[in-house]
Amino acid sequence: MDDSILLAHGSGGKLSHELVEKKILPFLANPALNKLDDSAIFEASGRLAFTTDSYVVNPIFFPGGDIGKLAVCGTVNDLAMNGARPLYLSLSAIIEEGFLLSELEQIVQSIKKAAEEAEVSIIAGDTKVVNRGQADKLFLTTSGVGIIPPGVDISGANAKAGDKVMLSGTIGDHGIAVMSQREGLRFSMTLESDCAPLNKLVSQMLEVSSRIHCLRDPTRGGLATTLNELARQSKAGIVVEEAEIPVKEEVKAACELLGLDPIYVANEGKLVAIVDPADADKILARMRQNSYGRDAAIIGEVTSEHPRKVVMKTKLGPSRIVDMLSGELLPRIC
Amino acid sequence: MEFCGGHTHAILRYGIRQLVPKTVEMRSGPGCPVCVTATADLDKAIALAHLPDVIITTFGDMIRVPGSYSSLQQAKAEGADVRIVYSTIDAVEIAKASPEKSVIFIGIGFETTAPTIAASILKAQKEKIENFHVLSLNKLTPPVMKVLLDSGEVKLDGIVCPGHVSVIIGSHPYEFIPRDYGVACVISGFEPLDILLCIDKLVEQSEKGEPKVEIAYPRGVKPEGNRKARQLMENVFEIGEANWRGIGIVPQSGLKVRGKYERFDADKAFSVSPKPPREPKGCRCGDIIRGAAMPLECKLFRKVCTPESPVGPCMVSSEGACAAYYQYGATENLQAF
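Listed in order, the protein sequences are those of chains U and A. My numbering numbers the first residue of the first sequence as 1 and each following residue consecutively. My numbering numbers the first residue of the second sequence as 335 and each following residue consecutively.
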């Protein structure tokens, strides 16, 4: 087999089969996938959660992860944010002609690793190859199915006045790590993306409390956008304390330099939880035992004042409205 | 007045207006590179984008600003090759990689971006990259401050002088302001405490009646500035007039590519004649840039003009005053919600 992907790898013929059988199946093998039928068959009962997401990140390799890890963690996390235990994923790849097979292999390896950690199986998949220039190296789409345990009712619409707002760790790590590569901003730092599957953290939180009302992962648009979504869905106000929001020094410094606000910078391994105040300390203690929740903090609370608005008490004392991200995050010019 | 749009954003983001006494009124000035770019210049950039075999490169916010009839973003959707770069050197690299095309960098910004644009021209010369060009729309800070002070339209007691511009030019170029106009000048950084310290010093100078130029950002700014960066600028650019949105043509306030580098000057290498410019109806960006109006005084603000569908540049740019008031400004009367 050649060193790079050819259009023929997507033709459905010999090379397509070879690609799947040699480069993908050996890593992702499981009984449902190995059959290579037109659809995967599995048993499930109870309430199911189902989600899908596409990944077009540039660059595809970044400190702390790559597009493959992201595609698994992103969909696993979307399921977990409804309290579901993720079971199965599908994986679809659109590959640009000329993409290096060695890089594809590296990404499949990382998909395998992330799926193992999250304890999910990839049971369906597809590959397409498009002409050079019609895609940017590699686009991945994953869909996922999970089971929601009985008694769990988590939704963005469930926040109630008095609830505590919790954050599982430092914000902005993923966005700044990717930006430091993409924009050729050669920061001398070792910041890595926080890309991680959060389903185990969520199930540990559910073990200690059944009163977790909302969960959401603050990905694109950052913490600010997620808090706004929750406030709008729940028709409640949210107040957060800027000083309580954990931000790594490197991220702070990069944001100061670039003129960005870390609350708008993307995360891939963090969650926001809105919980009953009586259980908040218990949940916090449990989160901190998990390495993905080590820096968890209570950052604010839900209020009946200013419904649908998010207000932040700044480090200096005054309050300000926190709006959703509008447009794109761009470094300042001057 | 805070000259710099970055300061306006920080002031609103940290709620500094609520911390200072009501007697201290902060006005946003013309320090937003995208905002001060005249519509006519923007129209020229859009016309250049439509030329065959041309790649336009520019800083991000610029592509969304509406010109008279279109925007760079619109031109891109119509098939023009318009690319966002984060550094001028990236634009040179694009030229190197596309020898069959002409690459034009739309050079905006103040003394902060000018040295890097100068460096890109020197790099192109050194590496004999003949298809790289700069449309120099760069502007200078002190001359426009003088124009604002001469007009007397806004009665200023003090100026929060720009942090990053001053890293390059130092504190001396502002000395005419306290001397000739009796207006206090303090150079500030962009962190909340920097700005509070700066305002405190401005109030103190004003109360004592002893206006002078002070540096409240010593970790970034030295009185003499950055000589090397200035030499780079002076080598490549000469001072000429510039067209400022809301202010008009200001002599000696812009940077033009010197004759010895004219083959890199997009103004010399290309000829376009866009239709006469027209300003969007009802847009008060011009007044806002001069500090003569606050964003909330514009009838279009938040109703017609939003970051998603901007009418004027002040709502587009991440350094624009309207964008700052849109994003953070409602906090001042939370009860109103």
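Hints should not be assumed to be uniformly reliable.
Pair by pair, the computed Cβ-Cβ distance ranges are [claimed, not checked]: (1) Asn58/U x Lys602/A: 32 to 38 Å; (2) Gln565/A x Leu6/U: 49 to 55 Å; (3) Lys430/A x Lys315/U: 41 to 47 Å.
Pulled a few chain U residues facing chain A out of the computed Cβ check, cut under 8 Å [unchecked claim]: (4) Val20; (5) Gly259; (6) Lys315; (7) Pro318; (8) Arg320; (9) Asp323; (10) Ile333.
Everything labelled a hint here was simulated from the structure, so no lab data went into it. From the three backbone atoms N, C-alpha and C, an ideal C-beta is built for every residue, glycine too.
Hint by hint, here is what the structure shows:
{"no.": "1", "hint": "Asn58/U x Lys602/A: 32 to 38 Å", "result": "35 Å, holds"}
{"no.": "2", "hint": "Gln565/A x Leu6/U: 49 to 55 Å", "result": "53 Å, holds"}
{"no.": "3", "hint": "Lys430/A x Lys315/U: 41 to 47 Å", "result": "45 Å, holds"}
{"no.": "4", "hint": "Val20", "result": "35 Å, violated"}
{"no.": "5", "hint": "Gly259", "result": "6 Å, holds"}
{"no.": "6", "hint": "Lys315", "result": "7 Å, holds"}
{"no.": "7", "hint": "Pro318", "result": "3 Å, holds"}
{"no.": "8", "hint": "Arg320", "result": "4 Å, holds"}
{"no.": "9", "hint": "Asp323", "result": "5 Å, holds"}
{"no.": "10", "hint": "Ile333", "result": "5 Å, holds"}
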